[in-house]
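Protein chains: 2
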Amino acid sequence: MYRTHTCGELRIQNVNDTVTLSGWVQKARNLGGMTFVDLRDRYGITQFVFDMESNTELCEKARKLGREFVVSITGKVAERQSKNDKIPTGAVEIIADDITILSKSAIPPFTIEDNTDGGDELRMKYRYLDLRRSCVRENLILRHKMGIEVRNYLDQLNFIETETPVLIKSTPEGARDFIVPSRMNQGEFYALPQSPQVFKQLLMISGFDRYYQIVKCFRDEDLRADRQPEFTQIDCEMAFVEQDDILDTFEGLTKHLFKKLKNVEMNFKFPRLDYADAMEFYGNDKPDIRFDMKFVDLSVIAKGSDFKVFDEAEYIGAICAAGCATYTRKQLDALTDFVKKPQIGAKGLVYLRYNEDGSYKSSVDKFYGEEQLQKWAEACNAKPGDLILILVGEKAKTLPQLSELRLEMGNQLGLRDKNVYAPLWVVDFPLLEWDEDSERFHAMHHPFTSPKKEDLHMLETDPGKVRANAYDLVINGVEIGGGSIRIHDTELQARMFKHLGFTDEEAQAQFGFLMNAFKYGAPPHGGIAFGFDRLASMFAGIESIRDVIAFPKNNSGRDVMIDSPSPIAEAQMVELGLDYRKKLK
Amino acid sequence: MYRTHTCGELRIQNVNDTVTLSGWVQKARNLGGMTFVDLRDRYGITQFVFDMESNTELCEKARKLGREFVVSITGKVAERQSKNDKIPTGAVEIIADDITILSKSAIPPFTIEDNTDGGDELRMKYRYLDLRRSCVRENLILRHKMGIEVRNYLDQLNFIETETPVLIKSTPEGARDFIVPSRMNQGEFYALPQSPQVFKQLLMISGFDRYYQIVKCFRDEDLRADRQPEFTQIDCEMAFVEQDDILDTFEGLTKHLFKKLKNVEMNFKFPRLDYADAMEFYGNDKPDIRFDMKFVDLSVIAKGSDFKVFDEAEYIGAICAAGCATYTRKQLDALTDFVKKPQIGAKGLVYLRYNEDGSYKSSVDKFYGEEQLQKWAEACNAKPGDLILILVGEKAKTLPQLSELRLEMGNQLGLRDKNVYAPLWVVDFPLLEWDEDSERFHAMHHPFTSPKKEDLHMLETDPGKVRANAYDLVINGVEIGGGSIRIHDTELQARMFKHLGFTDEEAQAQFGFLMNAFKYGAPPHGGIAFGFDRLASMFAGIESIRDVIAFPKNNSGRDVMIDSPSPIAEAQMVELGLDYRKKLK
Numbered sequence: 001m002y003r004t005h006t007c008g009e010l011r012i013q014n015v016n017d018t019v020t021l022s023g024w025v026q027k028a029r030n031l032g033g034m035t036f037v038d039l040r041d042r043y044g045i046t047q048f049v050f051d052m053e054s055n056t057e058l059c060e061k062a063r064k065l066g067r068e069f070v071v072s073i074t075g076k077v078a079e080r081q082s083k084n085d086k087i088p089t090g091a092v093e094i095i096a097d098d099i100t101i102l103s104k105s106a107i108p109p110f111t112i113e114d115n116t117d118g119g120d121e122l123r124m125k126y127r128y129l130d131l132r133r134s135c136v137r138e139n140l141i142l143r144h145k146m147g148i149e150v151r152n153y154l155d156q157l158n159f160i161e162t163e164t165p166v167l168i169k170s171t172p173e174g175a176r177d178f179i180v181p182s183r184m185n186q187g188e189f190y191a192l193p194q195s196p197q198v199f200k201q202l203l204m205i206s207g208f209d210r211y212y213q214i215v216k217c218f219r220d221e222d223l224r225a226d227r228q229p230e231f232t233q234i235d236c237e238m239a240f241v242e243q244d245d246i247l248d249t250f251e252g253l254t255k256h257l258f259k260k261l262k263n264v265e266m267n268f269k270f271p272r273l274d275y276a277d278a279m280e281f282y283g284n285d286k287p288d289i290r291f292d293m294k295f296v297d298l299s300v301i302a303k304g305s306d307f308k309v310f311d312e313a314e315y316i317g318a319i320c321a322a323g324c325a326t327y328t329r330k331q332l333d334a335l336t337d338f339v340k341k342p343q344i345g346a347k348g349l350v351y352l353r354y355n356e357d358g359s360y361k362s363s364v365d366k367f368y369g370e371e372q373l374q375k376w377a378e379a380c381n382a383k384p385g386d387l388i389l390i391l392v393g394e395k396a397k398t399l400p401q402l403s404e405l406r407l408e409m410g411n412q413l414g415l416r417d418k419n420v421y422a423p424l425w426v427v428d429f430p431l432l433e434w435d436e437d438s439e440r441f442h443a444m445h446h447p448f449t450s451p452k453k454e455d456l457h458m459l460e461t462d463p464g465k466v467r468a469n470a471y472d473l474v475i476n477g478v479e480i481g482g483g484s485i486r487i488h489d490t491e492l493q494a495r496m497f498k499h500l501g502f503t504d505e506e507a508q509a510q511f512g513f514l515m516n517a518f519k520y521g522a523p524p525h526g527g528i529a530f531g532f533d534r535l536a537s538m539f540a541g542i543e544s545i546r547d548v549i550a551f552p553k554n555n556s557g558r559d560v561m562i563d564s565p566s567p568i569a570e571a572q573m574v575e576l577g578l579d580y581r582k583k584l585k
Numbered sequence: 001m002y003r004t005h006t007c008g009e010l011r012i013q014n015v016n017d018t019v020t021l022s023g024w025v026q027k028a029r030n031l032g033g034m035t036f037v038d039l040r041d042r043y044g045i046t047q048f049v050f051d052m053e054s055n056t057e058l059c060e061k062a063r064k065l066g067r068e069f070v071v072s073i074t075g076k077v078a079e080r081q082s083k084n085d086k087i088p089t090g091a092v093e094i095i096a097d098d099i100t101i102l103s104k105s106a107i108p109p110f111t112i113e114d115n116t117d118g119g120d121e122l123r124m125k126y127r128y129l130d131l132r133r134s135c136v137r138e139n140l141i142l143r144h145k146m147g148i149e150v151r152n153y154l155d156q157l158n159f160i161e162t163e164t165p166v167l168i169k170s171t172p173e174g175a176r177d178f179i180v181p182s183r184m185n186q187g188e189f190y191a192l193p194q195s196p197q198v199f200k201q202l203l204m205i206s207g208f209d210r211y212y213q214i215v216k217c218f219r220d221e222d223l224r225a226d227r228q229p230e231f232t233q234i235d236c237e238m239a240f241v242e243q244d245d246i247l248d249t250f251e252g253l254t255k256h257l258f259k260k261l262k263n264v265e266m267n268f269k270f271p272r273l274d275y276a277d278a279m280e281f282y283g284n285d286k287p288d289i290r291f292d293m294k295f296v297d298l299s300v301i302a303k304g305s306d307f308k309v310f311d312e313a314e315y316i317g318a319i320c321a322a323g324c325a326t327y328t329r330k331q332l333d334a335l336t337d338f339v340k341k342p343q344i345g346a347k348g349l350v351y352l353r354y355n356e357d358g359s360y361k362s363s364v365d366k367f368y369g370e371e372q373l374q375k376w377a378e379a380c381n382a383k384p385g386d387l388i389l390i391l392v393g394e395k396a397k398t399l400p401q402l403s404e405l406r407l408e409m410g411n412q413l414g415l416r417d418k419n420v421y422a423p424l425w426v427v428d429f430p431l432l433e434w435d436e437d438s439e440r441f442h443a444m445h446h447p448f449t450s451p452k453k454e455d456l457h458m459l460e461t462d463p464g465k466v467r468a469n470a471y472d473l474v475i476n477g478v479e480i481g482g483g484s485i486r487i488h489d490t491e492l493q494a495r496m497f498k499h500l501g502f503t504d505e506e507a508q509a510q511f512g513f514l515m516n517a518f519k520y521g522a523p524p525h526g527g528i529a530f531g532f533d534r535l536a537s538m539f540a541g542i543e544s545i546r547d548v549i550a551f552p553k554n555n556s557g558r559d560v561m562i563d564s565p566s567p568i569a570e571a572q573m574v575e576l577g578l579d580y581r582k583k584l585k
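Which chain is which? The protein sequence lines are R and W, in order. Using UniProt numbering, you'd call the opening residue of the first sequence number 1 and step up by one each time. Using UniProt numbering, you'd call the opening residue of the second sequence number 1 and step up by one each time.
It is worth saying that the hints were derived from the structure and are not from the lab. Quick caveat: nothing in here was measured; it's all calculated off a predicted structure. Heads up, some of the hints might be wrong.
Stated by the list, open to error - Distance condition first, Cα-Cα at most 25 Å in a straight line; then the derived SDA-like pairs of lysine to any residue:
1) R:361 <-> R:323
2) W:104 <-> R:457
3) R:27 <-> W:516
4) R:519 <-> W:103
To be verified - Examples of chain R residues toward chain W, derived with CB under 10 Å:
5) 70
6) 164
7) 206
8) 214
9) 239
10) 521
11) 567
12) 581
A virtual CB, placed ideally from N, CA and C, is assigned to each residue, including glycine.
Could you build all of it, start to finish, from the sequences and the hints given here?
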């Protein structure tokens, strides 16, 4: 037997018990004639004592243990003279009387401590060692608990977890598919699912009523920071529901998770914001509403004073930063530099200080008198001591620039507290968005999203104006989930495919089975999907989703630990009937 | 709002409530001036009544409803005059006063009833309609519940569910991998996992201690009946354990599932049988021990009577079928035909009737006297009235033939009751098996399985004799799960790879990261994987795993509903740098 207890288990009431523990040597130190060994496992750390005088041989053996050796030690539990309050086992130590080395260890390439000296690359390569660090392991245990709580909540609401296939069919719409060549059907391919979208809709047509799945999805996209080619979703669908039913159900899930995982009670209804308002007031379809600082449109009142930049601008937008009138020239210059960064791209920044004494000072004093500046301040609801920041230009470009500036001011004012959670439903997304490259409309959400009934008449005449029954859950400016009420009617679905540029043949070849399914009695239905990785990283209080994935890939989609992707044997290519387009070096 | 209640919810105490239900029209019938509509959803069936006299317009609308129309009906709950005891809602009906058609239905290609008229192919093509049948849906709900109970049991034992990657690395060992071409790293490929084997071992090295995952796995094999290219496993691993710890833990899981899903109490320790004994006494490494009928080796006592067939045989094996001495000539001929079927391949069958009156009658009376036949009967522990059946030949070939005969006799004697469950651990599997084709040893389980310490000395001298710390859970003759204690030592692992014909370079290229991980302190560990689909089909009491999979593939690995695999766009091939070996037609 390798152990009677774990390394996190022994307490003062175990004193005099004879126990055996197994684990990794965290550290060993000699003090006079004694040797102390800290043994670590997933559950904690326990201290062992070896006495050179009373048991020389054993103590010498202990002195030869290196860090990360795996050992099994037997001994008697004793009360510690100097207790360690920081760990739950700190009241006891074990007087060792036998030790078995189960496995030796070379010196690890980085220290196995929360504060490690290992860089990102090294830790990715030796991920199995990185996972030994308790801070990393705790993230994955949190992820595990999140899975339990998601299932608890949905199971109790009669959702059925149903596995959908991983080997499916490639579709041209949306992001790029990973494909899987078929050996038994040479020249044909499976694709890995970007989401189980069509299958969950079919389950609704099958009468499953409430479906969910915690499921791996795949996208072969050029990886931006913090995207993974394989990622996990909480995928859900409900039948005989309207948008409110779904929002209520998953608002409930969100509250349940916050309560269970963070002990945060959210005793309020999540606010809802139209997409149009989100763009108008925050320049962003996932606004961080931990703080207000809404945009104010000065386009009307700030024109007509012969200041060409303003007069010619399509849009003049302002935010009011409370208490920032004291910002120095240097601080204002830094903000100007900030908005001029290439990834933001503003041409400049106009400021207006509303000083504590009631006076105004702005960077455009030349063109505007006090009375005019006062009007701006009033429009912005500014108080003495506030600072108004203004960006101008094409509206579509200026809104996101102002959004970045708003978030930056939120940071500077400490308004984006990690321990405050501000959930928000963004609703009424546009159904379609214009794609400049292909010069046609794309589905903003996906081609199965239903248009709002009251906007349906514009589908042919003004498609960009049609709103969808689509919604996103946003928390602290991060998109956590999104979904829609689906089309459940063959004709409307066919009309949608036509608008998205599918020929009848293409629509039939790709989605014929779904359109066919609609013919046999499809219930109204809708659903949502949450980013499991993103949600887990939020609960863990970390930025990157990588840290909540056991074996993540790097930004080139490579698993540097196992060295994958990698070449395959020529015989495998032959079996699949495939060849390389260019000869490999 | 589409519904106030489900179709399985209303009871006598709801009488006079005004309710709205939504669902599918199961059937409609006219009786005098009344029309009765049965509305179905996942939860049940409720009867609606339309009265031609009191509400002509509505009743006429109801009479136009076809099967599988999706409707929402409002009305008042009333007590039924002739109650239907067969369904929970049978005490009430709803007097309809409004009806909304949500979706029409064409006539379905087969009837949506438990006893459907649809054939296999048709039901696969219209799987979304097949899933409407309550018997099919119940299988998937059972599967869902199985998932819940697996997780309940393992969560409570501190197992951490950890997702391992789906895009991994191709390995030449074992079954064929599905591969996924990488676009970002042209000429390189991911592979889909046949199991998360290496990752779960790495998690043990990481100190996760107890891991599990309900996980999709993939094998690109020529599909036999009832194999799927993608299948689901309950995959588990534990550190600091010996074989008994694992067997006990997962015996516990099995008992928990039987209790929760079948209300079957298994208040006994599962029997354990050596692989060698399983082969010797049942001719099979997954014996059905719902009945005894062990093999008796007559090779010694039945020789030396100038019956050439026996004298020259390597092996003479017998089974004793209780009470079958009354078998007629015709029945015995049928058994002879059975064992001579090509897939079984015996040359003939020898029988020995031990008649009720104590006399003997056998097909080899010419060569053997009563005294000799009596000896056989004694060896077989036969009683008057029993029938002894004997097969002879090469031992390795005869054992499986006798196994088939034993199972057939079990069937004929009604000894294989579907409602009796006989679990069994088969242990001490051989480490290696000889492969005729490649003329080398293969790992019987996989290359990470540890040899038994006491057999290790034979690894170089008599590798076929070395037993492994490997075990299978068998229930009613079906392999439900299997696993092993793993190697956790670099040198032994390297020695194993050498025996399996890997060069050092190959071992390093394929499993270098694992061998490297062993260098940093690997704990003793082992695990098991259960076939989730197989287990679900056993609990559902059905033969095929297809029926517990929402969207299964057919025997050619094809999803006939979505028509996959399928050709992809040339542009996709170009992006991946791939071409076809032969030009496609």
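For each hint, the structure was consulted:
1. R:361 <-> R:323: 14 Å, holds
2. W:104 <-> R:457: Roughly 23 Å between the alpha carbons, so the hint for residue 104 of chain W and residue 457 of chain R holds.
3. R:27 <-> W:516: Distance of about 22 Å is within 25 Å: holds.
4. R:519 <-> W:103: Since the Cα atoms of residue 519 of chain R and residue 103 of chain W sit roughly 8 Å apart, the hinted pair holds (cutoff 25 Å).
5. 70: Result: holds, 5 Å to nearest chain W Cβ.
6. 164: Constraint on residue 164 of chain R satisfied, holds at 6 Å.
7. 206: 4 Å, holds
8. 214: 9 Å, holds
9. 239: At about 8 Å, which falls below the 10 Å cut-off, the nearest Cβ of chain W leaves the hint on residue 239 of chain R intact, so it holds.
10. 521: 4 Å, holds
11. 567: It holds, given that the least Cβ distance between residue 567 of chain R and chain W is near 6 Å, below 10 Å.
12. 581: 5 Å, holds
The structure agrees with every numbered hint stated previously.
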